[in-house]
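Top to bottom, those sequences are chains A and B.
Using the numbering used here, the letters of the first sequence correspond one by one to residues 10 to 224.
Using the numbering used here, the letters of the second sequence correspond one by one to residues -2 to 380.
Certain hints may be false.
Which chain B residues stay away from chain A? Per the calculated CB distances, all over 12 Å, these [as the list claims (entries may be wrong)]:
no., residue
1, M(-2)
2, T64
3, S174
4, A289
5, G291
6, R296
7, L325
Among chain A residues calculated to face chain B with C-beta under 10 Å, some are [stated by the list, open to error]:
no., residue
8, R23
9, L72
10, G134
11, A136
12, A139
13, L140
14, L146
15, V209
16, R213
These are calculated hints, taken from the structure and not from any lab test.
Every residue, glycine too, gets a C-beta built ideally from N, C-alpha and C.
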Amino acid sequence: MIRLENVTKTYRTRRGPVNALDNVSIEVARGEFVVVRGPSGCGKSTLLLMIGGMLRPSSGAVLLDDADVYALSQRERNRLRATRVGFVFQMFHLVPYLTVIENVLLPNARAVGRDRALALLEQLGLADRALHRPGELSAGEKQRAALARALIHRPAIVLADEPTGNLDPENAAGVFGHLADYHKSGGTVVVVTHGGDGDVHADRVICLRAGCIEA
Amino acid sequence: MNTLSLILKEIAHRKWNALLALLAITAAVALYVGFAMLGAAAERETVILMRDLGYNLRIIPRETDETAFYERGYAVDTIPQEYVRRFAGKQGISYRHLRASLKERIRIGDADVLLVGVTTEVHPAGAKERPMAQAYDVPPGHVVAGFHAARRLGLEDGATVEIAGASFVVDRCLLESGTEEDVTLYGNLDDVQRILGKEGRINEIQALECLCVNPKVDTLDKLRAELIAIMPEAKVIKMRDIAEARQRQRFTTQSHLAVTLDAAIVGCGLWIAVLALLNVRERRCEIGILRALGYGSARIAALFLGKAALLGALGACIGFAAGTLLSLRVGPGIFQVTAQAIVPMYGLLAQAVVVAPVFAAACSVAPTALAVTQDPAHVLRDA
Chain A
10 MIRLENVTKT
20 YRTRRGPVNA
30 LDNVSIEVAR
40 GEFVVVRGPS
50 GCGKSTLLLM
60 IGGMLRPSSG
70 AVLLDDADVY
80 ALSQRERNRL
90 RATRVGFVFQ
100 MFHLVPYLTV
110 IENVLLPNAR
120 AVGRDRALAL
130 LEQLGLADRA
140 LHRPGELSAG
150 EKQRAALARA
160 LIHRPAIVLA
170 DEPTGNLDPE
180 NAAGVFGHLA
190 DYHKSGGTVV
200 VVTHGGDGDV
210 HADRVICLRA
220 GCIEA
Chain B
-2 MNTLSLILKE
8 IAHRKWNALL
18 ALLAITAAVA
28 LYVGFAMLGA
38 AAERETVILM
48 RDLGYNLRII
58 PRETDETAFY
68 ERGYAVDTIP
78 QEYVRRFAGK
88 QGISYRHLRA
98 SLKERIRIGD
108 ADVLLVGVTT
118 EVHPAGAKER
128 PMAQAYDVPP
138 GHVVAGFHAA
148 RRLGLEDGAT
158 VEIAGASFVV
168 DRCLLESGTE
178 EDVTLYGNLD
188 DVQRILGKEG
198 RINEIQALEC
208 LCVNPKVDTL
218 DKLRAELIAI
228 MPEAKVIKMR
238 DIAEARQRQR
248 FTTQSHLAVT
258 LDAAIVGCGL
268 WIAVLALLNV
278 RERRCEIGIL
288 RALGYGSARI
298 AALFLGKAAL
308 LGALGACIGF
318 AAGTLLSLRV
328 GPGIFQVTAQ
338 AIVPMYGLLA
348 QAVVVAPVFA
358 AACSVAPTAL
368 AVTQDPAHVL
378 RDA
């Protein structure tokens, strides 16, 4: 389903080029739950953004269902993200002036409908928060709202970047639980994290260090 | 969620940014409307005041000797009165307010006066214009007396005066002007022609130069060429001081207004651009997440340009009202001669509603370009 072939990403900085990823090759099968673990700055977020079609590799190829993501036009990549990919970020990135349900309906709202959003919020324990703004939510609630936004359009893949980085253990466990539920329903999940709290749900753990996969 | 809903919700959320942008647009439109209304008032006022400096062109018979003309103050030679009608209906010429006259110095009792017979003005463009302040409409059997002429002849309003055996009623006595007018008796042209034994003749046509041409160009050659085409039996003398003072004043008024307005509009434009830039910076993460959700460049741009256009339309309406009210309040105090002509210019509302959104959007183009081209991966990775 997801295949990275010899992917390298080099950032140009004032102090010279920095390799965030160095000749990385990974395969993730459809319906697999993969945790990519590694310390800060090892290239985890870069890897995730590349899979999501948001960051072009310096070399190598990123393929989704055998289609080269970066051979697609910008418009096609936008469509790919809007229909097949769901993102969850450590900082939640909820739009502050929209209510929870409006945030959840941001991706492709017309296609999914309000009932589906309310059902999803109910499932994630946020039904009573649907009309609240992000500023009125706890960190755990914000991340569940972000998770609902990532799942609302039933994406084939959920890409989560440190989804529990700002949560207490109880909320972190809850978020991983919801990701696991999604995985059980047939979804593909790639989570990057620096801790080991998602390993229990993972089909496979990939360790990344200094831009390379550890054996 | 549609783009308009997102824009409205964002405006409601970041009220201060939106209010300040709205204020800038309102100020720009109010200034534009105010300058347009007060500018038009200033121009009308200037036209009236400058026009009241008097006629600045003198058309006299071609054979007139200039030395004798300046010595006497009028031409000895005459031309037929009906020549002035040749100007009627002539479009696109530089002569306005043409008044035929017959002037001659005469003695009444022991006083020398300048007797001037005048007719109503001829308007080449065809449209009836408000007569010059000096265009005394003297009915037959009446005279208008200059200040010193009235004193020396012992005249007052309603009195009668004998001229060459005929009796005339004094319509009014003029205030002292410090010009030749003070020793003048104005009469109806027919009466004066009869008194002087020059029926159907005139020795001067006074006129006002039209200011439709570039004020920096000396127009005397043009005036002469036009006159030859219409009245080859005459020549024109331009009273340069009056003409140029009038041109300069009108040109100065127009340029001053234009420069001030341009500076104000540019200032407001920069203000809008800075606010839009701040808005883009504040919304970097939002832009990043919208990209991650599949929003394209056009939709991101629409969020910012749409917001600017919406505030522009609102600012146009508020600015029109503010500019109009301000002009109606302060205008009449400044432009007292033409105060009643200061009225709302509703055409400006239509202009503002079209132009202000485009202006606001244009000022937001650069910040919008930054929003569209920012790397979402960079923002989402670092946030």
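Right, here's what the structure says about each hint:
1. Its closest Cβ contact with chain A, about 5 Å, brings M(-2)(B) to no more than 12 Å, contrary to its assignment away from the interface.
2. With a closest Cβ-Cβ approach of about 86 Å to chain A, T64(B) is found to remain outside the 12 Å limit, as its non-interface label requires.
3. The beta carbon of S174(B) sits about 71 Å from the closest Cβ of chain A, which is more than 12 Å, so the claim that it is off the interface holds.
4. For A289(B), the requirement that its beta carbon stay farther than 12 Å from each beta carbon of chain A is not met, with the minimum near 5 Å.
5. G291(B), annotated as away from the interface, has a beta carbon of chain A within 12 Å; the closest lies near 3 Å.
6. Listed as a non-interface residue, R296(B) fails to keep its Cβ farther than 12 Å from every Cβ of chain A; the least gap is roughly 9 Å.
7. At roughly 39 Å, the least C-beta separation between L325(B) and chain A is larger than 12 Å, which holds for a residue marked as non-interface.
8. A cut of 10 Å between beta carbons decides the hint on R23(A): the least distance to chain B is about 15 Å, and the hint is violated.
9. At a threshold of 10 Å, the smallest CB-CB gap from L72(A) to chain B is about 19 Å, leaving the interface hint violated.
10. Given hint, G134(A) at the interface with chain B, is violated; its Cβ is 22 Å from that chain's nearest Cβ, farther than 10 Å.
11. A hinted interface residue such as A136(A) counts as satisfied when its beta carbon comes closer than 10 Å to some beta carbon of chain B; here the least separation is about 20 Å, so the hint is violated.
12. Look at A139(A): its Cβ only gets to about 14 Å from chain B, farther than 10 Å, so that hint breaks.
13. Because the smallest distance between the Cβ of L140(A) and any Cβ of chain B comes to about 13 Å, over 10 Å, the interface hint for this residue is violated.
14. Taking 10 Å as the C-beta contact cut-off toward chain B, the hint placing L146(A) at the interface is violated, the least distance being around 16 Å.
15. The criterion of a C-beta within 10 Å of any C-beta in chain B is not met by V209(A), whose closest approach is roughly 27 Å, and the hint is violated.
16. Below 10 Å, beta-carbon pairs count as interface contacts, and R213(A) has none with chain B, the closest being about 24 Å; its hint is therefore violated.
In this structure, the hints that do not hold are numbers 1, 4, 5, 6, 8, 9, 10, 11, 12, 13, 14, 15 and 16, in rising order.
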